[in-house]
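J.: Chains as they are written, first to last, in full-length UniProt numbering: chain A, 1 to 255; chain B, 1 to 255; chain C, 1 to 255; chain D, 1 to 255; chain E, 1 to 255; chain F, 1 to 255.
One or more hints might be untrue.
[As the list claims (entries may be wrong)] Simulated restraints on C-beta separations:
| no. | chain 1 | residue 1 | chain 2 | residue 2 | range |
| --- | --- | --- | --- | --- | --- |
| 1 | A | Ser14 | E | Gly203 | 30 to 36 angstroms |
| 2 | D | Gly41 | C | Cys27 | 50 to 56 angstroms |
| 3 | B | Lys226 | A | Ala18 | 40 to 46 angstroms |
| 4 | D | Gly203 | F | Glu175 | 23 to 29 angstroms |
| 5 | F | Trp194 | D | Glu167 | 55 to 61 angstroms |
| 6 | A | Tyr156 | B | Asn37 | 50 to 56 angstroms |
| 7 | E | Gly190 | A | Ala18 | 54 to 60 angstroms |
| 8 | F | Met22 | B | Gln174 | 51 to 57 angstroms |
What the hints contain is simulated information worked out from the structure, not anything from laboratory work.
The structure displayed is predicted, hence computed values, not measured ones.
Built from N, CA and C at the ideal position, the CB exists for glycine as well.
What follows is each chain in one-letter form.
6 protein chains.
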Amino acid sequence: MALIRVITPLCSMSDEMAKDTMNEVNCLSDIQFSFDNVVLGVGPASIENSFDEAYTAPLVAIKAMEAEQDGCQAVIIDCMGDPGMHAAREAVSIPVIGPGECAMHMAATLGHQFSCVSILDSVRPIFFDHARIYGIGHKLASVRTIGVGVTELEKYGAEQINAMLLEQSLKCIQEDHADSIILGCTGFVGVAEWLQQELEKQGFAVPVINPLPTAALQAIAMIRGKIRHSKRAYKKPNLQKYEGVKFPSPDTTKR
Amino acid sequence: MALIRVITPLCSMSDEMAKDTMNEVNCLSDIQFSFDNVVLGVGPASIENSFDEAYTAPLVAIKAMEAEQDGCQAVIIDCMGDPGMHAAREAVSIPVIGPGECAMHMAATLGHQFSCVSILDSVRPIFFDHARIYGIGHKLASVRTIGVGVTELEKYGAEQINAMLLEQSLKCIQEDHADSIILGCTGFVGVAEWLQQELEKQGFAVPVINPLPTAALQAIAMIRGKIRHSKRAYKKPNLQKYEGVKFPSPDTTKR
Amino acid sequence: MALIRVITPLCSMSDEMAKDTMNEVNCLSDIQFSFDNVVLGVGPASIENSFDEAYTAPLVAIKAMEAEQDGCQAVIIDCMGDPGMHAAREAVSIPVIGPGECAMHMAATLGHQFSCVSILDSVRPIFFDHARIYGIGHKLASVRTIGVGVTELEKYGAEQINAMLLEQSLKCIQEDHADSIILGCTGFVGVAEWLQQELEKQGFAVPVINPLPTAALQAIAMIRGKIRHSKRAYKKPNLQKYEGVKFPSPDTTKR
Amino acid sequence: MALIRVITPLCSMSDEMAKDTMNEVNCLSDIQFSFDNVVLGVGPASIENSFDEAYTAPLVAIKAMEAEQDGCQAVIIDCMGDPGMHAAREAVSIPVIGPGECAMHMAATLGHQFSCVSILDSVRPIFFDHARIYGIGHKLASVRTIGVGVTELEKYGAEQINAMLLEQSLKCIQEDHADSIILGCTGFVGVAEWLQQELEKQGFAVPVINPLPTAALQAIAMIRGKIRHSKRAYKKPNLQKYEGVKFPSPDTTKR
Amino acid sequence: MALIRVITPLCSMSDEMAKDTMNEVNCLSDIQFSFDNVVLGVGPASIENSFDEAYTAPLVAIKAMEAEQDGCQAVIIDCMGDPGMHAAREAVSIPVIGPGECAMHMAATLGHQFSCVSILDSVRPIFFDHARIYGIGHKLASVRTIGVGVTELEKYGAEQINAMLLEQSLKCIQEDHADSIILGCTGFVGVAEWLQQELEKQGFAVPVINPLPTAALQAIAMIRGKIRHSKRAYKKPNLQKYEGVKFPSPDTTKR
Amino acid sequence: MALIRVITPLCSMSDEMAKDTMNEVNCLSDIQFSFDNVVLGVGPASIENSFDEAYTAPLVAIKAMEAEQDGCQAVIIDCMGDPGMHAAREAVSIPVIGPGECAMHMAATLGHQFSCVSILDSVRPIFFDHARIYGIGHKLASVRTIGVGVTELEKYGAEQINAMLLEQSLKCIQEDHADSIILGCTGFVGVAEWLQQELEKQGFAVPVINPLPTAALQAIAMIRGKIRHSKRAYKKPNLQKYEGVKFPSPDTTKR
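Required output: the full structure, derived from the provided sequences and hints.
T.: Here it is, written out as structure tokens:
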């Protein structure tokens, strides 16, 4: 059985949130795969801008190196901003899945244009810049946000957040011509199915992409298909030239 | 167990070719899924240009309708030109996977730029036009071809064809900066693994995407993740307005 | 005198509609050219989505082959979706004009940006995808629709349809910065002149492109200038490899 | 009979060149149209860079105003750089055709990609910039040049120039994937037909666009179809605010 | 001390306006540089469309030649439309700065997207076309205008104009996602600072680019860094081939 | 006198290299500005891929915070990959200049297209991705590399490295149509002037942009013009939500 590690790029995560997060990937019912989860131990409580992304990126890459040494067959970065994705791909040889990249490419195949509904306006240019790098072309119609930060989600409560996400999704469909929706934050757990049904009820047959399980499906597909990232694109970095840093050692006895 | 149907958009296929084709998807070892295969019965012996694509497109869409009635949970179009993909998505509610679209989006996530190596120059503009529609942006670096039509592949023999594919792949890597390669024809069965190893031997750590199994993995992922194409994007066509045509009837007793 | 054939990609057309359609091209007053008209005999009563386009595409290509054998010097596809245009260009050596492509390139030279006003929302992504393939760049500002299908046009009556087209055209101009308008359906006969005058009256000096006569002018220009499509781009398909199909024979005695 | 004026944006033109130029448009055999020709009287002997274009642009616009007052129904700017095209469209209400714009849009409809073969490297960025403004998208594959200025063409002689143009055209086809060619200078008179035949002989069925007659066909099409440039795009300039300049007066008795 | 010449591409300028204009560049406090100012003497009282741009372009290029002969070390074209910029760069070897180009590239580095607020709608397509040529990519979010021509600015008075500019800037920020603003006319003197403060007060920390001083800073940077435009891109025009024109002579004794 | 800090994103730098680096900015002769230099103390000896960039990014951002507290009026990141640029702009209110971004925008104004000549192929996709985010459009013609890593530069010696840079620059000009060159590594100290002269000698009047002094000129221009990055684009991160991290405190007594 293959192990896939979910790296949550936050200092810590509540037990409840961790359970909800793992539920999203465990319900995929592929008995040949299992998932585990780690957090960073230090760093921010949420990822909402370039600073947070930059801070967590090297830590994610290092966690990916540990996962490879632990025998994991793929890692998933549990954040739509995909912090450290390119660095981690250079650092390891197992697949490194970013839910942002993965959800955008899935959404691109589901219809003509998609939108992201996310937390704060500060992620809007980040998503568009990522779409530019990922080669998403004209497929990203818009990014709309509910104006609530990750750490405030609980304050509002699920019901109110869901209503806000529905409101923004309807704008994406009716004003921006989106015909698919990406949930733009992996912290929106347990929302995708409800949102898709609610849109359906209002007459909009629009799939809602849940990024974390979509990333899990991509990890499974890559492992099963023996597909790996291009090491010509993501060449191994030279860690010997680093001073004052201790990286996870590849010749560890743990393996 | 879910059934996925591979629709080969040709008038017929030799038993050997059919066996080889099905081998490519059966080796994915996901025991919850099985595959079967149909051909069109009429039409061209190969797909090499817009005329061939146009001719087979409605026939593929009708085969997709039959597949849905037969209880299949997804269909795969067995051709890199994805003939009839949009029409079939409108005609049915199950996922319709085009290997061209699917391989391009997979390749886009494996590195910075990819190339396709294919049969004849006549497919080059078709692939680029499809990339434009699929939203592939800058990721498609080049399309290079071996100058041999599908029906001539046997004449040359596997060894010579493989050598030609290797030669073109090397040009894609060295001259066009591709760091991943898509095999640009589903008729290149049993080549991908060899080609990837050969490139590796020559110092190029470049993944080679095999389009049909990649499409199968996407079909599995969509079924498992309960992901469907957007019916807002691909609205049901009104078949009542057709005259002189008999479409597979949705209220058949076969279901 | 050169004969140009208008291929209407529908199963049939009322006498009145046929007369109105031919009026649009006959009033161009170039006495060196005449036009005739054929329908498909089978197929849909209207073209409103990818399925309809796919279904009619091969039939249009075959009608183009017949036209070439009948000595026509060009064919025009009487539909803004240009079904079968690329296939037909491969099948024959005479010019094959798609009003969608032709109107977009004409509109691109008339101002800075143009919009299409058309029937149903389902054509919007098709027009944008075509614009991408045709190389229209930034020139297509928007596609707006009246929400009425082709077969319902009569139900509403000309006056109401005209008012809807005017309303959408004004939005294209005022909200999307269009400075030219394309009538996005060849079924809008006898509207262009009225619409242009009405816009003028409201202070908007905006040309309204009528796609069918524009296509006729392009056909005339190409014949007169001895300009043909590139047979390097649109190579002759190999019809020998088709099974179970009878194509119009090029060595017919009709010629 | 409608009169169309060809404005050659040079200080002067030899009788022979003028005759050759007018031959290109007179052979179109549309007896309802005639052409005349004017030069600027002052200015450069050739247009080869932005300075030459800028210098002649206002003079072309003024000549267009005179043409409108003389009762011409369209003007054609006899230069692939289209100097003064936008200014002239603002200044008058009759169609103003630039052969560069017109040939690019025609070429865009003839195949998948086209190239221009022209005089000096200095026109290369100008053509690409114009393609960007004209909305030509990906259709312009390349600009290749023979390295001979307009005023030197005679020195080399037709035979040598033709051979150079053939050589560059072959490179466009074989290296840049062009399937149509635009002659990138209106000074290449009497070459297009020969070049197209020569390419055909070498196995390349590639149309060669002759820009001046293509512009003439566009002028004829626009007049016959009563199509005008958008005055919303090209608003009348306010000539009252000019000091020290005498423009052709619109209320002249000549009209 | 290096002299930089500001060329105002108008027939004339009031003393007050000239003073205000020079204030904008003189307050940069770089004591190693000084500025002077010339007008064209003939031509339009304002630049509002392609005709005005075309008319003034060659005159600006000639003024740049005079400036070079006068020993100026750079010239600045005092108009956001950058009339004659490319022609002038060909004509001289000293830096030629267009405030439109310069402000767009500065704004592109200040945030994710910028907008221009300008005078009349007729400049909108000009700014977008320039952005296309300048390579500004997705960075130009929108152009919004106050609907007041340059020569009418005085009629409304500074207070009313400022309020209009504020209103449009707010729309750029709130509706078009701009996070920087370019003042889209060099005639808006003394507004930038006020506008930036006003936006700040309303909660929008958005820089307002004042094009003329930004151009002056670019001129200073280029002189200090010994950076010149590429003479390979902007080759010297051949003035010998001009007839009936007297250009400033480079071998003047003035130098 | 304003202080500008150069942050070299390496663990350390030799005295000689530090001196050479500071020489590049000190020779700009603007007596109102002075420069100092810091290194990171930990981390890589060179920046050659995404991992190195990711590792240094947060450290650069923290050094920028320290610089702001030390009263610096701008910071420059001494690396063409601009590591941490966006994060640092969020963290501070003083200008943060990335030489990569800055050199590209300067080069974009010097001609029609520019190329970068740099160290290793691994930076090629990074530069293109950055160009996409920076909005550089079509202006970046190519990235060519000498195949020598930063830490190996010394091994080859200046003469050989210079010859390699010249060879690649010539290819950029002759094969990729570049008319300006950016030195694609801030480690190429003292090369730009020589390279520009050498190209000139060989007949190519092509400016060579030296990124670090260009960044210094931009920093000076922004300070002098009181231009700041958009805090609406680069919002202050919430450092309170970080655990296990000690950031430079803004209320330090050092200020």
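J.: With reference to the structure, classify each hint as holding or not holding.
T.: Now for the hints, and whether the structure bears them out:
Evaluation of the 30 to 36 angstroms hint for Ser14 (chain A) and Gly203 (chain E) yields a pass: the beta carbon distance comes to about 33 angstroms. Take Gly41 (chain D) and Cys27 (chain C): their Cβ atoms lie about 41 angstroms apart, and the range 50 to 56 angstroms is violated. Restraint check, Lys226 (chain B) to Ala18 (chain A): a C-beta distance of roughly 24 angstroms breaks the suggested window 40 to 46 angstroms. Distance hint check: the CB atoms of Gly203 (chain D) and Glu175 (chain F) are about 27 angstroms apart, consistent with the given range 23 to 29 angstroms.
A beta carbon spacing of about 37 angstroms between Trp194 (chain F) and Glu167 (chain D) contradicts the range 55 to 61 angstroms that was offered as a hint. Under the hint 50 to 56 angstroms, the C-beta atoms of Tyr156 (chain A) and Asn37 (chain B), about 51 angstroms apart, fit the expected range. Roughly 58 angstroms separates the CB atoms of Gly190 (chain E) and Ala18 (chain A), a value that falls within the hinted 54 to 60 angstroms. About 40 angstroms separates the C-beta atoms of Met22 (chain F) and Gln174 (chain B), a value inconsistent with the hinted range of 51 to 57 angstroms.
Going down the numbered hints, you'll see the structure goes against 2, 3, 5, 8, while the others check out.
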